[in-house]
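Asks: Those sequence lines, one after another, are chains A and B. Whatever position you read off the first sequence (first residue = 1), add 26 for our numbering. Whatever position you read off the second sequence (first residue = 1), add 425 for our numbering.
Some hints could be false.
[What the hints assert, rightly or not] According to the in silico footprint, chain A covers these stretches of chain B (three or more CB under 8 Å from chain A):
{"#": "1", "segment": "535-548"}
{"#": "2", "segment": "594-605"}
[What the hints assert, rightly or not] Stretch by stretch, here's where chain B covers chain A in the computed footprint (C-beta under 8 Å, at least three residues):
{"#": "3", "segment": "90-101"}
{"#": "4", "segment": "203-210"}
{"#": "5", "segment": "221-233"}
The set of hints was computed from the structure by calculation and includes no laboratory data. As the structure is a prediction and not an experimental result, all values here were calculated from the model. Glycine is no exception: its CB is placed at the ideal position from the N, C-alpha and C atoms.
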Amino acid sequence: MPELNLTDIGIRFGGLRAVDGLSFALEPGEILGLIGPNGAGKTTVFNLITGVYRPHGGAITYDGRALHRLLPHQIVAAGVVRTFQNIRLFKAMTVLENVLAGRHCRTRVGVVGALLRTAAQRREERESAERAGEVLSFLGLYHKRDEIAGNLPYGLQRRLEIARALATEPRTLLLDEPAAGMNPQESRELMDLIRSILDRGINVLLVEHDMKVVMGLCHRVVVLESGRKIAEGEPAEIQRHPEVIRAYLGTGGRGARTQVAGP
Amino acid sequence: METLIQQLINGVTLGSVYALIALGYTMVYGIIQLINFAHGEIFAAGGYIGVITLSLLNSRGVLESHPVLGLALAFLLAMAYCAFLAVALERVAYRPLRKASRLALLLSALGMSIFFSNGMMLCQGVYDKAYPTQLYATGQFTVGGAVVSYIQVYIVAGAVVLMVALNLFVNRTRLGKAMRSTAQDRTMSALLGINANRTITITFVIGAILAAAAGVMVGLYYGSVRFDMGFVPGIKAFAAAVLGGIGNLTGAVLGGMIIGLVEVFAAGYLASEYKDVFAFIILILVLYFRPTGIMGEQVDDTRV
């Protein structure tokens, strides 16, 4: 599990500094939470790490490589993959085909091999199908493999997104609000799942609004507000941190905001 | 009755050609939402490479001793050249505009269409170039009184083989799956490790290969090619793709067949000078009642 390092990262959209001078590290073997009020820049950070946006300043390094100079598909090949808050499955494809799309970067055979059906191509196909099956079993989706992804119930679609991400054989997984829309029972199952992902040697960066999940799961937490880091530490420290309480509850005079997500 | 069968045979032949071209339009649209107006010129370039190859072989006498080999070479060279042309087209005219407005892309496509057709005129002249067809277009037989030439059989058979190969490629292979996932969600595919640029290049290459084959087929069927031969079939194949539901492979084949049949029947039973009009009347009617095209509702089902 390599270390993911963000150093003094910044990005502007027009005049808005969406992320400003942000530094933190995701250590090997840890689940790191990234929290903050809506619009704090959490999803922007994900987009910066995965190459959707290029930072206007600073550096992102992973395993000694400068991630901010790579294209999205190269970043996946390097071992960093993400899921989406609003599920983005290939809805018209089957469950298995979705997972096989994740296998693309770990397979090689091109047009010629596919047309000639070479031995190497058949071996690769077989291995890919095995790995895909293994990931589907891990997520408990194997019996659904031939269903159209768009027809799965919501909870299973979330699981399939994680399965598809794991199929790329990542060493680091970024999860964007995986517990959104889940009931308490599903959230607990999700927490067990994330722990077992860590046991497979994949460290996790987690954006999540459900504080039970964040506090129950994360080894450390980074708190963002308006694109800046206002706090970093263990869950217990974060819950007592005056800046965090201010960011979530607002300052005294203006009263509590409606979106209270405190512990 | 004889005329009916005759028209049916002619219509299916023409429809196969339109379908092959329409597939290129629909695949490119599926993956980057661009109407690639230069696609008709790619088809014309295929016809030209075919005539150049065959004439060269013919003048050396190779064609008489190895007619099948010569024809295969003509097809392969046309496909290779058109693939190269399409890759260059995408690199030069479309990739730099990937983030620009759709209108800018469309104008670039129109510009490239004019550039290619004028380029062919400058290099190959304004007059028709005749295919050495005496070797291929001769044989024929009759079915229920209708005359079927061997060339028609070859065209339809060749088109079917290419379409089956395309279907297998798109649904079974790793690159085909990458094409389908990129067409559905390009950003997500990139975030799963699929190289979007390479996938788009492959899409252009496959569309160009099909158009090149259609170009050589048309050259053999009508006996000649012209620098501006890509324009009208290009527009009709585009109409076929829209008719079938743009972005949908099955739709493109269906649309191509319908346009081909309508055109031939209109020319045979109504007025041949209005044959182009009828093809477009069908298009307008279908779009009026079903704006998404025939297969539009299942648009992402067999989408590239």
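Asks: State whether the coverage of the segment 535-548 of chain B by chain A holds or is violated, taking the criterion as 3 or more residues with Cβ-Cβ distances under 8 Å.
Replies: violated (count 0)
Asks: Taking beta carbons only, do three or more residues of the segment 203-210 of chain A come closer than 8 Å to chain B?
Replies: Answer violated; 0 residues pass the 8 Å Cβ test.
Asks: Report holds or violated for chain B covering the segment 90-101 of chain A, Cβ cut-off 8 Å, minimum 3 residues.
Replies: holds (count 3)
Asks: Does the segment 221-233 of chain A contain three or more residues whose Cβ lies closer than 8 Å to a Cβ of chain B?
Replies: The restraint on the segment 221-233 of chain A is violated, since only 0 of its residues have a Cβ under 8 Å from chain B and three are required.
Asks: Given as covered by chain A, does the segment 594-605 of chain B meet the bar of three residues or more with CB within less than 8 Å?
Replies: Coverage by chain A holds here, the residue count being 9 at a Cβ distance below 8 Å.
Violated hints for the displayed structure, listed by number in ascending order: 1, 4 and 5.
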